[in-house]
Structures are given as structure tokens and as C-alpha cells.
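Colleague: Take the sequences, apply the hints, and build the full model.
Per our numbering, the sequence shown starts with residue 1, numbered consecutively.
None of these hints come from the bench; they were simulated from the model.
Watch out, some of these pointers could steer you wrong.
As the list claims (entries may be wrong) - EDC-like cross-link-like pairs, simulated, lysine to aspartate or glutamate; straight-line CA separation at most 20 Å: (1) K56 - E94; (2) K56 - E42; (3) K56 - E96.
Here the structure is a predicted model, which means the values were calculated and not measured.
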Amino acid sequence: MNTKAFFALPALLLMAGLSHAQTASTTGATGANPTVTAMTREMSTRLQLNEGQFIKLATINRTRLNRQQEIERATATDAATRTSQLAELQAQYEQECARILTPSQLSQLQQDPAQFPSGSGRG
Numbered sequence: 001m002n003t004k005a006f007f008a009l010p011a012l013l014l015m016a017g018l019s020h021a022q023t024a025s026t027t028g029a030t031g032a033n034p035t036v037t038a039m040t041r042e043m044s045t046r047l048q049l050n051e052g053q054f055i056k057l058a059t060i061n062r063t064r065l066n067r068q069q070e071i072e073r074a075t076a077t078d079a080a081t082r083t084s085q086l087a088e089l090q091a092q093y094e095q096e097c098a099r100i101l102t103p104s105q106l107s108q109l110q111q112d113p114a115q116f117p118s119g120s121g122r123g
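Modeller: What follows is the structure, given as C-alpha cells:
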């Protein structure tokens, strides 16, 4: 084996590993949930998110969607409690977005209420 091949092989393996890790982290962030993936991709396109922001936003989008579904199941017969808990969830979500997004991205997200995922989606 020549010297070039000896040094090239570890470099290729490292690049392949990094590529796989990047794919896994993106899939892991969205939890392979098509709704979360689509919502986060749309937000990414509109807000021009960087990769770190995309991953963080996908994680909070997944958490928010799961929590919203839990609230809707648990409060199916109590509209007042459901409304209150969904409003609290929305406030928490907005705080998390404010930590991840730049001020201009957050402003852009808030300017279009139809695009800012609300807590009253199916309630």
C-alpha cells in the first residue's frame, strides 16, 4: 500500500462518518415525524435558518407537537383547561423560538400569524 492511499483512506472514512452523523442528527431532530419535518423545512426556507437553528427548531417543534397532542387527549372534555394549557404551551414555544432565532428571524415569524404554529391547531 502506498503512502497516499494510507492517508487517504482514514480521510475518506472520516468524511463518510461525518456525513452519516449529519443525516442522523437531522433525522433525530425531527424524530422522523413528517409533520414536524415539513413544518421545520418550511420555516427554514422562509427564515433562512442555519443548520444549527434547523436542528434546534426541529427538536422544539417535535416536542411542541407531542405536548399539544397530549394536552388535547387529556382535556378532550374540558375546553377551558385545554385552551389554558395550549396557550401556556404556545408561550413556552415562543420563548424557545426567541432563544434560537435572530431578532429579525423572530420578527419575520411573528409577522405572519398563519405561519407561526399556534396552540389551537385542532382544538
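Colleague: Check each numbered hint against the structure and report the violated ones by number, ascending.
Modeller: No hint contradicted; all consistent.
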